[in-house]
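Q: My request is simple: use the sequences and hints to build the entire structure.
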Amino acid sequence: MLSMTNVSKVFRTDLIETHALRNFSLEVKAGEFLAVTGPSGSGKTTFLNIAGLLEPYESGSYKLDGVEVTDLSDDARSKLRNEKIGFIFQSFNLMPDLNVYDNIDVPLRYRRMKAAERDKRITNALEIVGLAARMKHIPAQLSGGQQQRVAIARAIAGDPKLIMADEPTGNLDSLMARQVMDLLEKINEMGTTIIMVTHDPELARRAHRNVQVVDGQITDFKPYEPRTGGEGMRGHGAAVANAGA
Amino acid sequence: MFSYYLRLALASFRRNPGLTALMIFAIALGIAVCMVTLTSYRAAAHNPAGERGAVLFAPSVDSWDPENSYDKDNKSLAPDLLTYRDAKALYASDIPDRKLITYRTGDIYTRPDKGMDPHYIPTRMTSRDFFGMFDVPFLYGGPWDGKADEGPEPVIVLSKEENKKAFGGENSVGKTLNWKGREFRIVGVLDAWEPMPKFFDVSNGAFHEMEGAYVPFAWGPILELGSHGNTNCWKTETINNFQDFLNSECIWFAAWVELRTSEKQRAYKAYMDNYVLDQKKHGRFPRPLNNYLYDVDGWLKRNKVVEDDNKAMLTLAFAFLAVCLVNTVGLLLAKFLNAAPIAGVRRALGASRRDIFWQHLTESGVVALAGGVVGGILGVLGIWALRAWYGRFVDEAARVLPFDGKNFLIVIAIAVTAGLLAGLYPAWRIGRAAPASYLKVQ
Amino acid sequence: MEIRPILSALMRNRAGAILVALQIAITLAIVVNAVYVTQQRLVHIGRPSGMDDQNIFSFWVNTYEKDYDYLGMVNADMALLRQMPGVIDATPMSQMPLSGSGSSTQFYTQPDKKGEKSPANYYLTDDHAVQSLGVKLSAGKTFNASDVEYKPTQEQSWAPVAIISTGLAKALFKDEPALGKTFYDDIGNPIRVVGVIEHMQGSWVGWDKVDRVMLTPRLNPGGSTMYAIRTRPGEIDRVMADVEVALRKRDPNRVIATPIKKMSDMKLQSYAGDSLMAVTLSTVTGLVLVFSALGIFGLATFNVNTRTRQIGTRRAVGARKRDIVRYFMTENWLITSIGVLVGCCLALGAGFWLSTQYQLPRLDLYYLIGGVLGLWVVGQLAAWQPSRKAAKVSPAMATRTV
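Sequence lines, in order, name chains A, B and C. Per this note's numbering, residue 4 is the first one in the first sequence, and the count goes up by one each step. Per this note's numbering, residue 385 is the first one in the second sequence, and the count goes up by one each step. Per this note's numbering, residue 75 is the first one in the third sequence, and the count goes up by one each step.
Keep in mind the hints are simulated off the structure, nothing from the lab. Please note: incorrect hints may appear among the correct ones.
When the alpha-carbon atoms are kept at most 16 angstroms apart in a straight line, the in silico EDC-like pairs for lysine to aspartate or glutamate are as follows [claimed, not checked]: (1) C/K140 / B/E534; (2) B/K619 / C/D186; (3) C/K244 / C/D282; (4) B/K472 / B/E534; (5) C/K188 / C/D259; (6) B/K564 / C/D141; (7) B/K564 / C/E139.
A: Here it is as structure tokens:
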């Protein structure tokens with residue numbers, strides 16, 4: 004599904020160079036549920052941005068679903084992102100002035116889909132996340148958990164092969180966090196590959212596999228046994244710890 | 385996608401209504417100011433003869449003072465009017481397809497049956513071809529025939545307004561008016577006709593009122609009708625009667641010729657030059673040979689119908705529009721950059737740079753369109769206010785400020801173009817913003 | 075307050091600052107030139123005419139019947155008009171000053187077109203002209219009734235006496251007293267000065283020699299003349315109506331050309347172009363200032379909004395409210411100053427261009443200085459509210475992420 008080989012990313016300012024990723028290599032199989040963990044500043048967000056085709060990188064090779072993306076134009080990357088990847092963010096990143104329905108509509112619009120097809124997919128996605136009754140609400144009228152479920156609906160509406168989740172429960176209380184994780188697992192079971200970035204080992208444990216990034220490199224390559232359900236999930240009510248990551 | 389971008393633009397306006405209103409208002413006022421000045425400029429710069437203006441020519445010969453040029457500021461210019469002798473001579477040529485000589489006079493007219501109050505009618509002495517050459521529309525009757533020019537016959541053509549005044553607007557063809565103790569038979573009544581600028585007689589004012597009556601030119605010398613317009617003289621001559629005046633170097637006549645081919649134009653110019661060279665032998669035309677044949681456009685330019693003030697105001701108006709636009713660029717940039725995180729999310733969800741660019745350019749376009757419409761309305765109000773204010777005592781101001789739908793469309797087009805230009809940089813800039821930097825913290 | 079860090083912060087956010095500066099620059103160029111030209115026009119419009127122009131009206135009287143007693147008509151009309159209540163005096167005139175319609179010719183201080191020469195705007199009138207126009211004589215006296223002549227046809231000659239304006243007197247006789255002197259037309263007819271008018275404008279307000287006027291005691295030939303009537307202050311409207319009725323009643327067989335026009339309206343009409351220019355320019359000046367202020371305000375507000383975290387951090391590390399206000403005010407002042415600097419060049423360039431292109435006078439530097447100071451004030455006023463808003467940002471913003 005995803006194959007990175009020796010990918011390097013350097014942030015430069017006038018004074019300093021920061022190596023966010025150094026010779027980063029990772030293989031993710033189709034249908035996997037992978038958790039990427041690591042402390043703040045380890046490079047896991049950079050990995051997510053590169054894997055999500057949001058940022059260019061200096062060197063190395065990256066194949067997404069068999070396509071080498073290194074030399075693709077911005078337009079081609081946008082198209083690939085739109086068709087193959089769904090994003091879920093810590094702070095949901097819903098459009099504040101669009102209602103639930105129109106929020107889910109966004110990626111479908113950029114795929115230039117016909118109205119009937121879009122409507123079918125949106126309705127279907129809303130069924131999956133259980134928010135069909137809320138489609139006319141705007142994000143501010145929803146709870147955090149509901150907002151994140153809308154974001155998940157948006158991510159899956161385009162029927163992507165890969166979902167990139169960045170601290171998906173970081174802004175949620177434990178009950179909501181559990182619902183979101185259940186939903187992600189359900190989606191994974193339906194065949195979608197999921198890569199989740201988190202610094203929370205508890206959360207990571209629910210994934211099939213767990214990799215740890217430290218100083219821009221993978222230090223731990225321990226496959227996890229698939230497991231289902233589970234209690235003791237602890238969400239993070241406050242985001243202060245994550246500020247500036 | 386366009387309709388989608390439109391929806392997004394409207395949603396965006398709801399998010400910042402105050403800022404949006406400010407941008408719309410900025411464009412609107414810039415546009416309104418431009419519209420008012422553009423209207424008066426266009427009115428002055430308009431060529432009312434249209435395409436025919438290219439085959440209609442005003443001959444100009446330099447019969448002026450050897451010591452002083454006619455125009456102090458532009459020494460190369462010949463006078464804008466002709467002497468009686470020269471007007472007659474230029475009219476005598478067979479080269480033109482059609483031709484006329486003319487001047488403005490006027491006097492008190494009465495109706496033999498006392499059916500109207502005796503009153504002053506500004507009168508144009510001219511030739512039959514006047515009506516054909518200038519496409520003058522007739523309501524009743526038509527021009528006098530060619531013979532009437534020669535005799536001359538006592539015939540007269542009335543303007544629509546004058547016919548209303550004198551005959552209550554009825555078909556007056558065949559009736560008579562008394563003028564200078566003679567009866568003039570009405571052969572035609574014009575339909576509404578008011579070319580602006582009044583190109584065939586700009587020396588008496590490009591926006592001067594139209595004449596109420598038209599009479600064969602040859603009556604001028606017979607009835608000793610002096611000019612009720614500009615008369616300029618340079619030479620010391622003893623003038624003790626009207627004949628002396630006609631024979632003097634005083635200028636108050638205009639001639640127009642229609643020359644449909646460039647051969648005829650060259651031939652007529654040669655005719656003018658030959659005439660002047662011949663006159664030099666008789667001691668006239670003391671200045672160097674300096675003759676011109678102006679088409680209508682050239683004639684309007686030569687007479688500076690578009691005044692310097694007009695041009696300066698237009699320049700100022702567009703500078704003002706520039707300020708409004710720079711203002712709008714700044715506000716759009718601020719607005720777009722403020723919403724950059726949302727654009728970042730859209731990019732993450734698969735929008736290309738082009739998508740983001742067009743989305744924001746659409747938003748700029750909608751702002752501009754709204755600005756154009758509001759500006760158009762403000763402009764109409766502005767023109768209306770100016771007309772109301774100046775029209776109180778200046779008829780000419782109202783003439784200089786006509787308003788038509790074409791101007792409105794031009795204004796909207798300018799607004800949208802300007803708005804799109806203003807949106808270009810901000811939309812490009814927001815399209816270039818790296819998406820990743822906005823996703824983490826909102 | 076240190077300027078360097080503000081400047082470097084500005085440099086990292088160039089586009090917005092450049093736009094505001096550019097806006098200020100164009101604004102300065104417009105405002106300075108517009109105010110200057112407006113000022114010129116207002117001075118031009120405000121020049122005194124020398125006449126009692128608010129209380130004078132005039133109209134044409136035309137005869138049309140053969141062998142009509144034109145001279146008798148004028149005498150009878152004048153006798154009637156001069157005794158009407160509210161009328162100070164009345165006079166026949168060949169044309170009216172300030173009307174845009176007039177006649178002028180060249181005069182010389184010696185016969186045969188020799189000596190000093192000057193064009194003069196002349197009016198054919200009678201011995202009541204001075205009183206009827208409300209002009210002041212600085213020397214000599216008005217015409218005697220016996221000076222007034224009538225020649226039924228046009229001929230090139232002049233009455234032997236004339237009253238001339240100081241403008242014409244100066245042009246012909248320099249600083250010598252003009253009273254009693256003789257001047258000549260181009261064929262040598264002599265004319266003696268019997269009176270000098272302190273100041274009077276002629277027909278064309280746009281003419282640079284508008285103050286060179288001659289009154290000559292002769293009735294307009296050709297069976298038509300204007301009547302000029304001066305009323306007591308405040309009575310002009312009533313008198314206008316009364317005069318029309320009275321004249322028609324006295325003799326209906328000639329034409330009183332309506333509408334009867336007030337000299338004040340003719341003056342407005344003559345200056346219509348100038349006042350239109352003045353009104354347009356001052357409107358645009360006002361608008362452009364308002365818009366620049368709004369633009370500065372809008373951008374400052376957005377800058378504050380996007381920088382709440384940064385402001386919070388500053389507050390958290392100990393900046394007082396007034397430090398924040400001062401920071402934003404200084405930032406605005408810097409942007410304005412850059413704009414003003416560029417604007418000075420633009421204004422001078424535009425002024426020069428206007429003066430060459432459109433024969434407008436060259437820009438006066440005092441206006442530029444005034445414009446610079448004015449824009450500084452406008453900029454600071456516009457930035458005040460956003461700066462206050464910035465100061466209200468809570469220091470807790472520093473630790474908040476959403």
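Q: Which hints, by number, does the structure contradict?
A: When the structure is compared with the hints, only number 1 turns out to be violated.
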